[in-house]
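> Chain residues, written in single-letter form:
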Amino acid sequence: MKRIVELTINGEPRDMTVDSCRSLLDALRDDVGLTGTKKGCDVGDCGACTVIVDGEPVNACLMLAVEAEGRTVETIEGLQPGVDTLHPLQDAFMRHGASQCGFCTPGILMMAKKLLDDNPRPSDEDIRFGLSGNICRCTGYTKIFDAIKAAAIEMEAARS
Amino acid sequence: MRRFEYHRADTLEQASRLLVDLGDDTFLFNGGTDLLVEIRERLRRVRNVVDIKQIRGLSDITYDETRGLTFGALVTVGRLENLPLVRQRYPNLRAAFASLGSIQVRNRATVVGNVCRASPSADTIPPLIADGAFIHIYSRTNMRVVPLAEFFTGPGKTVLAKGEIVTGITVPPAGDNAGKAYLKHGRRKAMELSTVGVAVSLTMEDGLCNDIRIALGAVGATVLRAPEAEAMLRGTSLDAAIVKNAADKAMEECTPISNVRASAEYRRDMVGVLTGRAIKQALEAFA
Ligand SMILES: Cc1cc2nc3c(=O)[nH]c(=O)nc-3n(C[C@@H](O)[C@@H](O)[C@H](O)COP(=O)(O)OP(=O)(O)OC[C@H]3O[C@@H](n4cnc5c(N)ncnc54)[C@H](O)[C@@H]3O)c2cc1C
Ligand code: FES
Ligand code: FES
Numbered sequence: 001m002k003r004i005v006e007l008t009i010n011g012e013p014r015d016m017t018v019d020s021c022r023s024l025l026d027a028l029r030d031d032v033g034l035t036g037t038k039k040g041c042d043v044g045d046c047g048a049c050t051v052i053v054d055g056e057p058v059n060a061c062l063m064l065a066v067e068a069e070g071r072t073v074e075t076i077e078g079l080q081p082g083v084d085t086l087h088p089l090q091d092a093f094m095r096h097g098a099s100q101c102g103f104c105t106p107g108i109l110m111m112a113k114k115l116l117d118d119n120p121r122p123s124d125e126d127i128r129f130g131l132s133g134n135i136c137r138c139t140g141y142t143k144i145f146d147a148i149k150a151a152a153i154e155m156e157a158a159r160s
Numbered sequence: 001m002r003r004f005e006y007h008r009a010d011t012l013e014q015a016s017r018l019l020v021d022l023g024d025d026t027f028l029f030n031g032g033t034d035l036l037v038e039i040r041e042r043l044r045r046v047r048n049v050v051d052i053k054q055i056r057g058l059s060d061i062t063y064d065e066t067r068g069l070t071f072g073a074l075v076t077v078g079r080l081e082n083l084p085l086v087r088q089r090y091p092n093l094r095a096a097f098a099s100l101g102s103i104q105v106r107n108r109a110t111v112v113g114n115v116c117r118a119s120p121s122a123d124t125i126p127p128l129i130a131d132g133a134f135i136h137i138y139s140r141t142n143m144r145v146v147p148l149a150e151f152f153t154g155p156g157k158t159v160l161a162k163g164e165i166v167t168g169i170t171v172p173p174a175g176d177n178a179g180k181a182y183l184k185h186g187r188r189k190a191m192e193l194s195t196v197g198v199a200v201s202l203t204m205e206d207g208l209c210n211d212i213r214i215a216l217g218a219v220g221a222t223v224l225r226a227p228e229a230e231a232m233l234r235g236t237s238l239d240a241a242i243v244k245n246a247a248d249k250a251m252e253e254c255t256p257i258s259n260v261r262a263s264a265e266y267r268r269d270m271v272g273v274l275t276g277r278a279i280k281q282a283l284e285a286f287a
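Read top to bottom, the protein sequences are chains W and X.
According to the UniProt record's numbering, the stretch in the first sequence is residues 1 to 160, in order.
According to the UniProt record's numbering, the stretch in the second sequence is residues 1 to 287, in order.
Source of the hints: derived by calculation from the structure; they are not laboratory data.
The hints are all genuine.
Here are some chain W residues pointing at chain X (derived, C-beta under 10 Å): (1) Gly44; (2) Glu56; (3) Leu64; (4) Phe129.
Computed from a predicted model, the values in this text were never measured in an experiment.
Note that the Cβ used here is the ideal one computed from N, Cα and C, for glycine as well.
With the sequences and hints as input, model every part of the structure.
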């Protein structure tokens, strides 16, 4: 059965007409056209599909689109503050070469954004714990870790 | 994904009716972290899901010194993991919650769903059993409360009858004389199912062990208690030699199988090692 789901995506009210067994991930990619969110495994293991729903990061592959009714969803497409400006995390990822094939990057950036929003001065352990649900198969985690650390310091400096 | 119909229930009664009326292959849909994976990997035939997340009154967490900690069926693992009370009074539960899947999974997965899935390797079950938790069950004719240790009848199987719904779990209060631990053993730290999980909850009085419960995960058809090992420890000072003997007894009491994650022999050895370590860790509360 098809249902109309009304929700807010990256600050804009949207509606999508979806099959009731469709995942939020498939709906975002195929029905809304936001293909930045990636599908790595479709069963919760890789974190490539991480989006933020009502302030909490979740695997979009493990949520039904119909469950997003009335909720606020943030995806990688909403991370950039303006057309010509990058989020400090995106900037740091580029400078540190923290993205190789890029498949894991949107999920990791959303997870890192949430981490720094909640905890502007994370310890090394906080960063590792925060990323434990995101798998990268090519860059290796060192550059990703370094980029998040650098972004945290820059964001902190910009605030003060 | 295999096709299924999605239904939303607003009350327990409505959910219970849907479970009965929609017939076989109808399942309650809570966080969906087991259900959606099982549908996608074709491990379970599902024709209808009944979403219970709109039902009021199932999201509460309460604590009082006489009844203990009670949480509703919709309470996520992540919410409990971050509760100061859980960190302070139930380090065993906190260890189990923080080790389940990832932050993303824990934001959706519920403890009640983890329990109802009744996997022998589920991380929340051993510490809940060791703590003597109770499970609250709704049916249209009556409510019943069952000790969690009596809830499971086999892998994936529980005492729930058709149309019954779990509304919450109560964990007895954690007194000042209580020590608790849960140790999860896997091949890596994060995103790993348990190869073996050992929970110990004990109380001490005047340097002697008043009571102790040991619960063993992933080494039997359900999470197991180790009653003979427990009997050897009650009334003793839990010194190293006694703990060693009891840990050996726990190895005899478990019934592991070999699978992709580990052999039966290895699991049995780890029960011995982890039982000793978990008792030691539980005793650190008194150090
Ligand atoms: C990537 C990943 C990693 C994981 N890692 C771990 C791990 O390390 N350790 C671990 O223990 N688990 C792990 N899990 C499984 C864990 O997420 C689930 O067991 C979860 O806790 C189930 O809760 P849920 O709310 O998602 O349940 P659902 O999937 O909604 O339901 C699970 C089952 O319980 C039934 N059910 C749900 N609520 C009720 C109710 N109120 N009354 C009666 N029946 C009910 C459902 O019908 C279904 O059969 C992992 C899962 C994923 C996807
Ligand atoms: S695609 Fe969702 S976790 Fe891998
Ligand atoms: S950059 Fe390729 S998976 Fe991470």
